[in-house]
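Chains as they are written, first to last, in my numbering: chain V, 5 to 358; chain S, 5 to 358.
Be aware that one or more of the hints could be misleading.
[Claimed, not checked] List time: in silico EDC-like cross-link candidates among lysine to aspartate or glutamate, alpha-carbon distance up to 20 angstroms:
#, chain 1, residue 1, chain 2, residue 2
1, V, Lys79, V, Glu145
2, V, Lys200, V, Asp124
3, S, Lys49, V, Asp100
4, S, Lys79, V, Asp100
5, V, Lys281, V, Glu254
6, V, Lys49, V, Asp18
7, S, Lys281, S, Glu254
8, V, Lys79, V, Glu125
9, S, Lys281, V, Asp301
10, S, Lys344, S, Asp153
11, V, Lys79, S, Glu218
12, V, Lys49, S, Glu125
13, V, Lys281, S, Asp301
14, V, Lys49, S, Glu218
15, V, Lys344, V, Asp328
16, S, Lys200, S, Asp181
17, V, Lys199, V, Asp181
18, V, Lys200, V, Glu218
19, S, Lys191, S, Glu214
20, S, Lys49, S, Asp38
21, V, Lys200, V, Asp284
22, V, Lys191, V, Asp181
23, S, Lys49, V, Asp124
24, S, Lys199, S, Asp181
Keep in mind the hints are simulated off the structure, nothing from the lab.
One letter stands for each residue in the lines below.
Number of protein chains: 2
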Amino acid sequence: MSSAKKQIRVTQRDIARLSKVSQATVSRVLAGDDRVDILTSERVKQVMREHNYRPDVLARSLRSRRSGLIGLVVKRPAGGLHDDPFFANLASEIMDFLSSTPYHLCMEMVTDRTQEAVYDELLRARRVDGLILVESEARDERIQRLQADCFPFVLIGNPDEIQNADEDDQLWSVDNDNVAAGELAAKHLVDAGFKKIGILAGPPAVTVSEDRIEGYRRAIAGKQDTPMIWHSDFGLSAAKDTAVSILCGEERPDALVVLDDFMAMGVVLAARVCHAKIPDDLAIVSFNDSSLCHVLDCGLTSTSLNIREIVQVACGRLLRIIEDKPVAGERRVVVPTQLKVRGSSLPSREFVKA
Amino acid sequence: MSSAKKQIRVTQRDIARLSKVSQATVSRVLAGDDRVDILTSERVKQVMREHNYRPDVLARSLRSRRSGLIGLVVKRPAGGLHDDPFFANLASEIMDFLSSTPYHLCMEMVTDRTQEAVYDELLRARRVDGLILVESEARDERIQRLQADCFPFVLIGNPDEIQNADEDDQLWSVDNDNVAAGELAAKHLVDAGFKKIGILAGPPAVTVSEDRIEGYRRAIAGKQDTPMIWHSDFGLSAAKDTAVSILCGEERPDALVVLDDFMAMGVVLAARVCHAKIPDDLAIVSFNDSSLCHVLDCGLTSTSLNIREIVQVACGRLLRIIEDKPVAGERRVVVPTQLKVRGSSLPSREFVKA
DNA sequence: TCACATTCTGAATACGTATTCTTGAACGTC
DNA sequence: GACGTTCAAGAATACGTATTCAGAATGTGA
Chain V
5 MSSAKKQIRV TQRDIARLSK VSQATVSRVL AGDDRVDILT SERVKQVMRE HNYRPDVLAR
65 SLRSRRSGLI GLVVKRPAGG LHDDPFFANL ASEIMDFLSS TPYHLCMEMV TDRTQEAVYD
125 ELLRARRVDG LILVESEARD ERIQRLQADC FPFVLIGNPD EIQNADEDDQ LWSVDNDNVA
185 AGELAAKHLV DAGFKKIGIL AGPPAVTVSE DRIEGYRRAI AGKQDTPMIW HSDFGLSAAK
245 DTAVSILCGE ERPDALVVLD DFMAMGVVLA ARVCHAKIPD DLAIVSFNDS SLCHVLDCGL
305 TSTSLNIREI VQVACGRLLR IIEDKPVAGE RRVVVPTQLK VRGSSLPSRE FVKA
Chain S
5 MSSAKKQIRV TQRDIARLSK VSQATVSRVL AGDDRVDILT SERVKQVMRE HNYRPDVLAR
65 SLRSRRSGLI GLVVKRPAGG LHDDPFFANL ASEIMDFLSS TPYHLCMEMV TDRTQEAVYD
125 ELLRARRVDG LILVESEARD ERIQRLQADC FPFVLIGNPD EIQNADEDDQ LWSVDNDNVA
185 AGELAAKHLV DAGFKKIGIL AGPPAVTVSE DRIEGYRRAI AGKQDTPMIW HSDFGLSAAK
245 DTAVSILCGE ERPDALVVLD DFMAMGVVLA ARVCHAKIPD DLAIVSFNDS SLCHVLDCGL
305 TSTSLNIREI VQVACGRLLR IIEDKPVAGE RRVVVPTQLK VRGSSLPSRE FVKA
């Protein structure tokens, strides 16, 4: 019985009929058009309120050729999204930003296999007005397509490897300077007096790995003879395994730059296994400044990526591009990182070492 | 120059003109209507391919009165979503589920203040076809409204407090049995031989707190004279503070049921501060079975909520409701939980105690 | 009084699709 | 040869809105 209750929609036509005006006038009232008589306007508004009118977003979208949706496509990592606090942060900040705009967030998870279909569905079918692309791997062919289609998008990530030779092609991007961030992190360890500083990076092909390694190289240049570089998959247990073999190895580092907080926790576990005390036997600096940093009792020194600011810039620009307004500033915005120093990089024998 | 490249849309009318048929026929071909001649159909399809045609989701939505979007509204917690792995999991699983359907996920973050507006925008404006509601607090007036409007939704959470007296009102829900989960967790500690088992719950008004406390009570009934119950806000540091005062208090428990993994990590930190060894001085069992469980070197015993299964049921039902198909099974589905036993609840002196 | 600008509003149209209604032809059947 | 029947496909319409165009009413200046 109750399920038979039919959801009847109040349209502008209904409001028009009830206020003895035309549908066009109702539309104008809604748009705040000044050319409509103040009295008429008030009357119509009153009727709208009385009948609880709400414009239909579907019709409006068709007419205006705008869906009001911003797309965020994330690639499904091997073990689900669970372990990646970066995306939770990102999505959270984006929602936060969009909540003060007329736009909404449409989030999609793709695998390599479904990527093509999702692209079609989201862009060509006009489901979203614009796209936020999060790129970790260099040379993504998607970007070429988006540019070719003149589809509004911004890139969160490093465009260097991607940048089209054609200067005319608009590629707006925002990113941290990961080289600088890597340098900052490693330099902090150098300054703290460590002598055998290593870096545990993610897989080699990933831009963020490469960049931070480069920064690390710069920081230790002249301070340390040979760089100590290891790679591991992202995720806690992979990092732990690698870290165990590092700590049991010949050339044990006394400090480690680790590519993210989850991996750092893996290193922490490995250190316990290998009886290395943090920070005295092994100092750690990592990236992301997630809540994991507080899980370590002495606190994990980590690099804040200022995701909030990244999102502000990225979304702000995307909306301007969508609405065809001029975008101010550089093509590529670099958001500064900040090192949050905590116990994991502050050895108690600091002065002894120095 | 390049920005002037105008995105021209290929419509059914274009395809119709080019294949010398009517627009209606093109639509029929697209729908796979058998009443269209096979030769015509092939010809039209060929033209579609040649011109890279894609139906316009906006127009289709207006016509079919379906947006193809599923809404997920999350309340913004005090410190952002970052600390809540539950939502990251949930969103991730939902996206996963929807990726094999024609639906997409529209995620929205609200505060208490913006809740009303979002409800209007999402539902009344027909932006989404259905809603996944995640309810922690009892008696949410939103549910009444959704029911009154006959809007398709499913509830993830316990409907007991919410359930309308009117049996006819459709309220589909899926949830863990948190009483059972609480009982299971506490019983595990009883069986392990602990004598002074406490529970560190979240804020009192929250259903999940109440239910698990109730389960805890049942488990210790007859085994332990007085229940030891504490409340704290969610989040690592709040839990840590509370845990410190617990461990420094008069009646120190030898085992603690903690409401989620993040709070449990807070307890772990507190234990270090108070020189309590885990699990020998303090055993811990918590909930969510997140990746945080592996951050503790001995492993954190935790209760898997089977979020994947919850999402399967919830989304499966929601889609059937939206498409007006009969929904099978109970109004309220209870997804079982599983205790993942790890080191934090396995004292080395287990047999000594027993 | 007439020409003309101004102010408000209604009629008509378009957005791109799905569907209903109608038509035309081909094909028996009586 | 007149009359259903069936099949394929076109014409027309509707979904709910925004916008363009046109018209009525009023006021203004000569």
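Checklist entry - Taking only the CA atoms, is the gap from V:Lys344 to V:Asp328 under or equal to 20 angstroms? => result violated (39 angstroms)
Checklist entry - Can the restraint linking V:Lys281 and S:Asp301 be considered satisfied, given a maximum Cα separation of 20 angstroms? => result holds (14 angstroms)
Next on the checklist: With the threshold set at 20 angstroms, check whether the alpha-carbon distance from S:Lys49 to V:Asp124 stays at or below it.
Outcome noted: holds (17 angstroms)
Checklist entry - Does S:Glu125 lie within 20 angstroms of V:Lys49 when you go C-alpha to C-alpha? => result holds (18 angstroms)
Checklist entry - Are the Cα positions of S:Lys281 and S:Glu254 separated by 20 angstroms at most? => result Since the Cα atoms of S:Lys281 and S:Glu254 sit roughly 18 angstroms apart, the hinted pair holds (cutoff 20 angstroms).
Checklist entry - Straight-line Cα separation of V:Lys191 and V:Asp181 no greater than 20 angstroms? => result holds (15 angstroms)
Checklist entry - Keeping to a limit of 20 angstroms between CA atoms, is the pair of S:Lys49 and S:Asp38 held or broken? => result With a Cα-Cα distance of about 14 angstroms, the restraint between S:Lys49 and S:Asp38 holds, given a limit of 20 angstroms.
Next on the checklist: Would the hint linking S:Lys199 and S:Asp181 be met if the CA-CA limit is 20 angstroms?
Outcome noted: Given that 20 angstroms is the threshold and the Cα spacing comes to 25 angstroms, the pair is violated.
Checklist entry - Going straight from one Cα to the other, do V:Lys79 and V:Glu125 come out at no more than 20 angstroms? => result holds (16 angstroms)
Checklist entry - When you check the alpha-carbon spacing of S:Lys200 and S:Asp181, does it fall within 20 angstroms? => result Between S:Lys200 and S:Asp181 the Cα gap is close to 24 angstroms, so the pair fails against 20 angstroms, i.e. violated.
Next on the checklist: Check whether the Cα positions of S:Lys79 and V:Asp100 lie no farther apart than 20 angstroms.
Outcome noted: At roughly 11 angstroms apart (the allowed maximum being 20 angstroms), V:Asp100 and S:Lys79 satisfy the hint.
Next on the checklist: Would the hint linking V:Lys281 and V:Glu254 be met if the CA-CA limit is 20 angstroms?
Outcome noted: holds (18 angstroms)
Hint compliance for this structure: hints 2, 3, 10, 11, 14, 15, 16, 17, 24 are broken, all remaining hints hold.
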